[in-house]
Amino acid sequence: MDRAAPSDVDALVEHLFRHSAGQMVSRLARWLGSARLDLAEEAVQDALVRALETWPFGGVPAEPRGWLFQVARHRALDLIRRDTALRGKLDILERATPEADVREQPLGDDELAMMFMCCHPSLPHAGRIALTLKTVGGFGVGEIAAAFLAEPDAIAQRLVRAKRQIREEEIAIDIPHPAELGARLDSVLDVLYLLFNEGYAAHGGENLVRGDLCGEAIRLAGLLARNPATDVPAVHALLALMLLQSSRLPARVDDAGDLLLLSEQDRARWDRELIAEGMEHLERASSGNEVTPYHVEAAIAAAHAAAPDEASTDWALIVRLYDDLLALKPSPVVALNRAIARAMAEGPDAGIAAIERIETDPALARYYLLPAALGGLWLKRGDPVRAARHYHEALTRPCSAPERRFLEKQLARCGSR
Amino acid sequence: MAKFLVLARGTEQRYANRSPQEMQQVMQKYMAWTAGLREAGRMLHGEKLRADGRVVRGAAGKMTVTDGPFAESKEVLGGFWLLEAKSYEEVQAFVKDNPHLEVGSLEIRQIDDMG
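Chains as they are written, first to last, in the numbering used here: chain A, 327 to 743; chain B, 26 to 140.
Bound conformation, chain A alone (with noise of 0.2 angstroms):
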């Protein structure tokens, strides 16, 4: 076997892993039917288990992903000889040869239709994210639980039953014809948008998984904007706005690892490639008359990144951003952000009134960020007193471990004046 010299062991790139099984899961479940999921999971199982007992002696091989895609082909064909219904597909499985796994899929194809099989909106919300991350992004039941902060029971019952909802109702592996694509592309992007906001919320270090599925959802968004199906505007404007907010991930904690404000944040530290790359699609995004949310989520941290610092930043522009924004997407949180804006384009009483307007809205009533933004705004305002009422409330209300301690080093300040 033609094995890998050793400076070729890094080769064995980050994420081969999680990544290949997603895309072997992809293409193998593609050739089977969807209804045949679970039997390509299996087989891609083996095939990464078998690699772990191998390689280690034998070393890496010179083609790993070929050697994976074959073994896990083999073991497909062995499954599926046991099993008489499944005869007829053992022909395409037998034809296929190691190269054509490797090279047959330039463009992701085989993951892609796996993305529109795992999004379709006839499924749950919570089944489609579920799936999603465990079929193409190569995820465990465990890591997908730690990242909802579920129970891994859970996650898998609601794998079950989505793969059983897709056989009975034979949804299946495709990228959807152009008259429906644009429908079934939006629920693939809300499914990646609502991936990115999970894995950036709680980007503290403390659980790594999460950080991934910042990384898997900008993975994802990639793929369908090199897809010519499915290189549209409002892909662009959605990984634009993925990049923009993740080139601020290596400046938003400090050494210790506590969340850091945008105004206490080391903005050398911007990763200055992610926001070049960020901008080349919003460019890219702006080509149509299109305009969607993802389009002016982007432009605001376009603005953001635009800015040498706070004071700078073009405040007024932001706030005009989420007044658009807020048209498209009524939301109390959309309306939370725009009132923080004023705040900064204003001044502190302009951003106190606007989120005690809102302060009411039952949506926001477990929001920690509206007391903690009221909190900041009483410090700057000059009554830490008012101020650490609320970040008591704050604190209340549920938030992960970095944001605890960034509120608690907040009350800290407000009892310091």
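Hints were generated in silico from the structure; no laboratory data involved.
Treat the hints loosely; a few may be bogus.
[Unchecked claim] Which stretches of chain A does chain B cover? Using the computed rule of at least three CB atoms under 8 angstroms from a CB of chain B, they are:
#1 378-385
#2 458-470
#3 586-599
#4 717-727
[Stated by the list, open to error] In silico SDA-like links for lysine to any residue, alpha-carbon gap of 25 angstroms or less:
#5 B:K111 with A:G384
#6 B:K73 with A:L405
#7 B:K54 with A:L405
C-beta: ideal position from N, C-alpha, C; glycine also.
Given chain A's structure and the hints, the job is docking chain B onto it.
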């Protein structure tokens, strides 16, 4: 310098329920381990062994062949590495971060060079 055989024993299916990412993490530990020894010129060879096998017993005429004893044994011999080292102690130091130890045992045998 002497040659040492490091035999890796463990149960089958020890990775069956891990996620791809978890498996990759184990793999990366192995890669770091083998790469380190290879760069130092101490890794001579390594092979994975199949789970099946044959056991041959009896002198000519009475020879019997059975399937490997591995089937009943909980610990199978999964593979081996051939290393170069100064002493058992040095090999022990080499293997202390071999990830196989998380799932099984390692047996170290010095090659008797009859010197």
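Holds or violated: K111 (chain B) to G384 (chain A), with C-alpha atoms at most 25 angstroms apart: holds, 24 angstroms
Quickly compare the C-alpha distance for K73 (chain B) and L405 (chain A) to 25 angstroms and report which way the hint goes. holds, 24 angstroms
Do three or more residues of the segment 458-470 of chain A come closer than 8 angstroms to chain B, measuring C-beta to C-beta? With 6 residues closer than 8 angstroms to chain B, the segment 458-470 of chain A meets the three-residue bar; holds.
Against chain B, does the segment 378-385 of chain A show at least 3 residues with beta-carbon separation below 8 angstroms? Holds, because 8 residues of the segment 378-385 of chain A bring their Cβ atoms closer than 8 angstroms to Cβ atoms of chain B.
8 angstroms C-beta criterion, at least three residues: is the segment 717-727 of chain A covered by chain B: violated (count 0)
Are the Cα atoms of K54 (chain B) and L405 (chain A) separated by 25 angstroms or less? violated, 31 angstroms
With a Cβ-Cβ cutoff of 8 angstroms, does the segment 586-599 of chain A contain at least three residues near chain B? violated (count 0)
When held up to the earlier numbered hints, the structure conflicts with 3, 4 and 7 and fits the remainder.
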